[in-house]
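Participant: Here are the chains, one letter per residue:
Number of protein chains: 2
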Amino acid sequence: MTSTSRKGRRGGRAERSEKSPAPTAAPYIKRSVPCHEILTEEDLATIEQGADTLLKEIGVDFRGDEEVLQIWRDAGASVDGERVRFDAGMLRKTIQKSAPREFTQHARNPDRSVRIGGDNVVFVPAYGPPFVHSLDFERRYARLEDLQAFIKLAYLCPSVHHSGGVICEPTDIPVPKRHLDTIYSHIKYSDKAFMGAATAGERAEDSVEMARLLFGADFVEANCCLSSIVNVNSPLVVDATMLEALKVYAKAGQAVTITPFIIAGATGPSTIASNLVQGLAETMAGAALTQLIRPGTPVMAGFLSTATNMRSGAPSRGPEPMLALIGFGQLARRLGIPLRAGGSFSSSKIPDAQAMQEASSFIYATVLSGANFIIHAAGSFEAGLCTSFEKFVMDADNLAAVQRFLAGIAVNDDEIGLDAFREVGPGSHFLGCHHTMARYKHVFYTSPLADTSSFEQWKDDGGLDAATRANRLHKKMLGDYEAPPLDPAIDEALRDFIQRRKSVLPDSFA
Amino acid sequence: MTSTSRKGRRGGRAERSEKSPAPTAAPYIKRSVPCHEILTEEDLATIEQGADTLLKEIGVDFRGDEEVLQIWRDAGASVDGERVRFDAGMLRKTIQKSAPREFTQHARNPDRSVRIGGDNVVFVPAYGPPFVHSLDFERRYARLEDLQAFIKLAYLCPSVHHSGGVICEPTDIPVPKRHLDTIYSHIKYSDKAFMGAATAGERAEDSVEMARLLFGADFVEANCCLSSIVNVNSPLVVDATMLEALKVYAKAGQAVTITPFIIAGATGPSTIASNLVQGLAETMAGAALTQLIRPGTPVMAGFLSTATNMRSGAPSRGPEPMLALIGFGQLARRLGIPLRAGGSFSSSKIPDAQAMQEASSFIYATVLSGANFIIHAAGSFEAGLCTSFEKFVMDADNLAAVQRFLAGIAVNDDEIGLDAFREVGPGSHFLGCHHTMARYKHVFYTSPLADTSSFEQWKDDGGLDAATRANRLHKKMLGDYEAPPLDPAIDEALRDFIQRRKSVLPDSFA
Chain X
1 MTSTSRKGRR
11 GGRAERSEKS
21 PAPTAAPYIK
31 RSVPCHEILT
41 EEDLATIEQG
51 ADTLLKEIGV
61 DFRGDEEVLQ
71 IWRDAGASVD
81 GERVRFDAGM
91 LRKTIQKSAP
101 REFTQHARNP
111 DRSVRIGGDN
121 VVFVPAYGPP
131 FVHSLDFERR
141 YARLEDLQAF
151 IKLAYLCPSV
161 HHSGGVICEP
171 TDIPVPKRHL
181 DTIYSHIKYS
191 DKAFMGAATA
201 GERAEDSVEM
211 ARLLFGADFV
221 EANCCLSSIV
231 NVNSPLVVDA
241 TMLEALKVYA
251 KAGQAVTITP
261 FIIAGATGPS
271 TIASNLVQGL
281 AETMAGAALT
291 QLIRPGTPVM
301 AGFLSTATNM
311 RSGAPSRGPE
321 PMLALIGFGQ
331 LARRLGIPLR
341 AGGSFSSSKI
351 PDAQAMQEAS
361 SFIYATVLSG
371 ANFIIHAAGS
381 FEAGLCTSFE
391 KFVMDADNLA
401 AVQRFLAGIA
411 VNDDEIGLDA
421 FREVGPGSHF
431 LGCHHTMARY
441 KHVFYTSPLA
451 DTSSFEQWKD
461 DGGLDAATRA
471 NRLHKKMLGD
481 YEAPPLDPAI
491 DEALRDFIQR
501 RKSVLPDSFA
Chain G
1 MTSTSRKGRR
11 GGRAERSEKS
21 PAPTAAPYIK
31 RSVPCHEILT
41 EEDLATIEQG
51 ADTLLKEIGV
61 DFRGDEEVLQ
71 IWRDAGASVD
81 GERVRFDAGM
91 LRKTIQKSAP
101 REFTQHARNP
111 DRSVRIGGDN
121 VVFVPAYGPP
131 FVHSLDFERR
141 YARLEDLQAF
151 IKLAYLCPSV
161 HHSGGVICEP
171 TDIPVPKRHL
181 DTIYSHIKYS
191 DKAFMGAATA
201 GERAEDSVEM
211 ARLLFGADFV
221 EANCCLSSIV
231 NVNSPLVVDA
241 TMLEALKVYA
251 KAGQAVTITP
261 FIIAGATGPS
271 TIASNLVQGL
281 AETMAGAALT
291 QLIRPGTPVM
301 AGFLSTATNM
311 RSGAPSRGPE
321 PMLALIGFGQ
331 LARRLGIPLR
341 AGGSFSSSKI
351 PDAQAMQEAS
361 SFIYATVLSG
371 ANFIIHAAGS
381 FEAGLCTSFE
391 KFVMDADNLA
401 AVQRFLAGIA
411 VNDDEIGLDA
421 FREVGPGSHF
431 LGCHHTMARY
441 KHVFYTSPLA
451 DTSSFEQWKD
461 DGGLDAATRA
471 NRLHKKMLGD
481 YEAPPLDPAI
491 DEALRDFIQR
501 RKSVLPDSFA
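Chains as they are written, first to last, in this note's numbering: chain X, 1 to 510; chain G, 1 to 510.
If you're looking for bench data, these hints aren't it; they were derived computationally from the structure. Be aware that one or more of the hints could be misleading.
Pulled a few chain G residues facing chain X out of the computed Cβ check, cut under 7 Å [as the list claims (entries may be wrong)]: (1) HIS36; (2) GLY50; (3) LEU236; (4) PRO269; (5) ILE272; (6) MET310; (7) SER316; (8) GLN354; (9) ARG404; (10) GLY417; (11) VAL443.
Even for Gly, the Cβ is constructed at its ideal location relative to N, Cα and C.
Can you build the whole structure from these sequences, using the hints too?
Facilitator: Given below as structure tokens:
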């Protein structure tokens with residue numbers, strides 16, 4: 001249907017970087033386990049018709065951006081003030097005409113570039129929390145040093161495939177300058193792919209400019225080197241700030257995820273089916289806009305929904321958002337663009353049983369949905385307000401198990417191993433047989449955190465809980481961390497750029 | 001293919017019991033979310049052929065039971081000493097000729113009878129641990145009072161559909177007498193269905209006799225009133241004790257689950273495909289035997305497998321056993337009998353993040369597999385050696401969320417609610433709209449344990465972790481517990497029976 005990659009020389013300046021010795025692993029997941037299909041064809045058609053009705057009858061507000069309204073007029077949409085309405089099928093057709101089904105986001109280390117879409121799964125850290133938590137200091141406002149520590153941890157975890165963006169907010173840096181230090185930190189302390197800023201048009205411009213300094217302007221023009229989140233202000237509004245960022249990234253041909261954020265009962269109705277209708281309508285409106293701005297720009301359908309806890313009034317992720325996520329995956333596959341959705345969410349305030357009960361349930365729903373680009377896969381708790389050091393490494397461990405899960409079951413004569421049964425026979429054991437000896441080192445996923453020893457051994461080892469073991473692990477990892485090499489000329493160019501930009505940006509904290 | 005229920009008057013003496021006022025809920029799950037299919041038709045056929053080869057070429061040992069060997073000879077199997085070999089397809093044909101695809105296990109309260117097989121899911125507590133754990137006393141050997149407390153908790157949790165059996169071992173009771181106090185406790189403190197003993201033929205006989213006293217002998221003859229576990233001594237052995245119990249239950253027409261227990265790399269080869277071949281061969285051998293003893297006896301395919309942690313050597317449940325479980329579900333559906341498999345397993349020794357990370361991952365794999373009868377769904381940790389009071393209520397909460405998950409997504413005009421969008425429009429909220437107000441009380445699953453409040457509110461509430469909240473909850477539940485009424489004549493008959501049996505059984509503790 002569409003091109004799956006854009007031409008251009010491969011690697012850019014990144015190829016000139018020396019390759020980092022650590023860590024080695026598959027840079028992303030190519031899944032063998034199929035997605036789970038829980039809605040029927042009839043259900044899916046009903047939801048798609050609902051979205052078409054919503055778009056034609058009620059429409060979407062695109063606020064404070066005359067350029068965008070003119071784009072819609074030119075494309076044949078009905079524009080009434082800032083309200084834009086769409087004939088049935090128009091947005092789907094616009095998207096399917098030019099949006100890639102899959103694309104590659106390049107990393108400065110080409111071995112860590114990630115393929116987004118299709119059967120590929122990319123795990124990305126938490127995004128956006130203003131707070132951090134560790135057993136060492138409990139909860140406090142996040143600082144640049146925390147962000148850098150999380151970038152290092154993401155670099156060191158093979159199951160975290162992408163460096164992400166605002167893993168936590170560096171609140172010690174003035175708001176207008178944060179994006180510069182954030183992006184520089186990703187480039188300096190990791191060689192995985194990273195995200196650009198979307199909180200203002202000029203911050204998106206700065207992000208693209210820093211990508212040009214890193215990869216070379218021609219390479220960025222021809223390839224995806226940044227991904228970004230454009231949130232829809234659900235219900236059915238895209239505001240001026242988001243439109244600014246969307247335009248910058250789309251014009252630069254960099255990846256945009258259009259993410260409705262539907263709090264069921266608040267920013268959307270309370271039912272799953274209505275959330276799917278709304279999410280599909282909202283994501284199609286944003287995704288089609290990217291294609292009208294620059295056909296072929298990589299764009300992802302996004303979907304986040306929460307339930308509402310009827311005692312606390314707070315958003316929460318329970319079984320309803322899990323179902324909605326899996327259902328939305330089916331809609332995204334029919335639309336034919338990659339899906340950004342899901343994560344390792346929790347409402348807990350500490351790395352306790354609730355934190356991992358919720359995170360584990362949700363991350364499996366996430367991969368069953370077929371989501372391709374999974375932000376908040378590591379570290380998120382307190383319903384997204386806080387990034388936890390201990391939960392980051394617990395999630396990373398869990399993600400590595402999920403990665404093994406997605407490899408599925410190999411069925412062939414070797415794996416079935418009838419000779420092993422012939423060798424061992426009834427009532428004996430397979431511990432030393434050839435079939436076991438040939439495989440035992442790599443056949444099982446071995447968690448670095450889970451305690452599987454006896455009660456007595458566990459007691460002898462100090463009787464530690466998982467959170468305390470995770471605390472020790474993340475500190476050991478950070479102690480052992482070595483930065484991947486970065487071309488000094490690129491480093492200097494980035495520092496110069498940041499200095500120039502900071503000299504003209506205000507020092508406000510709001 | 002086969003009868004799905006046996007004739008007979010409904011309810012038996014149980015109908016004469018007054019109905020308990022609490023707790024009210026669906027007595028089991030009828031799932032709307034389909035099972036997950038991860039193996040292809042070709043994979044499944046290859047595995048089935050592997051099992052046929054194993055059964056024909058290597059065979060299964062049935063030890064210490066001449067009656068069973070004669071049954072196999074009469075059925076046309078090849079018997080060589082205690083080794084029995086089967087022609088391809090013979091066992092499958094025997095099972096499919098008479099084993100019910102679904103059956104009802106009756107509870108003394110008919111409203112709590114459970115349907116096992118097909119799209120039905122029944123959650124059953126932990127089974128077998130010699131230890132118990134609570135934050136109040138840490139870990140110790142389990143006592144009868146602990147077992148009774150767990151029976152009460154299971155009675156009070158609507159998401160635990162069945163009272164189970166040895167939720168923990170009452171180690172303060174002599175071994176030969178434990179089953180009597182165990183079964184009496186299930187009858188006395190709950191009105192849900194329960195399991196019979198299988199650790200010796202005479203204990204199985206006692207279990208059936210107590211069921212006859214409770215339900216009436218005619219009713220038990222015509223209906224399933226007990227379920228039981230018959231473990232295969234993997235690889236490829238069924239020992240004399242298990243055969244004794246199997247024969248008692250099959251002759252009485254009571255449900256048997258045939259459960260291979262495959263520790264990958266030890267009691268089976270290390271690969272998933274080989275575990276599936278072995279599990280299918282072993283469970284078919286046991287299931288067919290029940291049908292030869294009494295055609296139509298309810299029998300379940302069982303399957304438990306673990307990985308092996310290559311650092312500790314301990315069995316562990318990670319992604320490989322999750323995959324094996326889901327794959328085995330497909331094999332069981334092709335075989336056409338209900339599946340007993342899965343659970344909320346963990347290797348943790350305390351109710352921490354590891355406990356619920358592992359339990360949540362595994363219980364979702366369990367329901368994706370289509371398992372029908374899920375023992376160890378609540379309370380199990382320490383790899384099955386210990387039942388935890390806190391984890392029991394955490395698991396029950398998780399099971400309630402899973403129950404909501406399995407209800408799936410309703411798609412219709414009411415649920416899509418286009419009128420709600422018409423009423424609210426872009427940029428507003430749905431909090432007070434008619435569509436939300438009509439639903440908000442019941443639309444979301446609300447956990448009694450998860451904290452979804454703000455950090456500040458959580459701190460004000462004491463800043464408790466999930467385990468501490470679970471500790472308070474299980475004690476409150478036990479404090480509020482009221483026993484369901486039991487017909488005094490039945491109670492007396494049961495007590496008389498137990499007294500007579502205890503007077504002839506030894507007081508050994510080994």
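Participant: Any CB of chain X closer than 7 Å to the CB of G/MET310?
Facilitator: Interface hint status for G/MET310: holds (5 Å vs cutoff 7 Å).
Participant: Next item in the hint list is G/LEU236. Is there a CB on chain X closer than 7 Å to its CB?
Facilitator: holds, 4 Å
Participant: Just to be careful: measuring from the Cβ of G/HIS36 to every Cβ in chain X, is the smallest value less than 7 Å?
Facilitator: This interface hint holds because 5 Å falls under the 7 Å limit.
Participant: Tell me if the interface restraint on G/GLY417 is satisfied: Cβ within less than 7 Å of some Cβ in chain X.
Facilitator: Check passed: Cβ of G/GLY417 comes within 5 Å of chain X, closer than 7 Å.
Participant: Any CB of chain X closer than 7 Å to the CB of G/GLY50?
Facilitator: holds, 5 Å
Participant: Interface hint check: G/PRO269, Cβ to nearest Cβ on chain X, cutoff 7 Å. Holds or violated?
Facilitator: For G/PRO269, the interface hint holds, since the closest Cβ of chain X sits about 4 Å away, which is under 7 Å.
Participant: Should the interface hint for G/ILE272 be scored as holding, given a Cβ-Cβ cut-off of 7 Å against chain X?
Facilitator: holds, 5 Å
Participant: Going by Cβ atoms only, is G/GLN354 closer than 7 Å to chain X?
Facilitator: holds, 4 Å
Participant: Given a cut of 7 Å on the nearest C-beta pair, is the interface hint for G/VAL443 held or broken against chain X?
Facilitator: holds, 5 Å
Participant: Given G/ARG404 as an interface hint, is its Cβ closer than 7 Å to any Cβ of chain X?
Facilitator: holds, 4 Å
Participant: Closer than 7 Å between Cβ atoms is the bar; does G/SER316 clear it against chain X? Give me holds or violated.
Facilitator: holds, 4 Å
Checked against the numbered hints given earlier, the structure satisfies every one of them.
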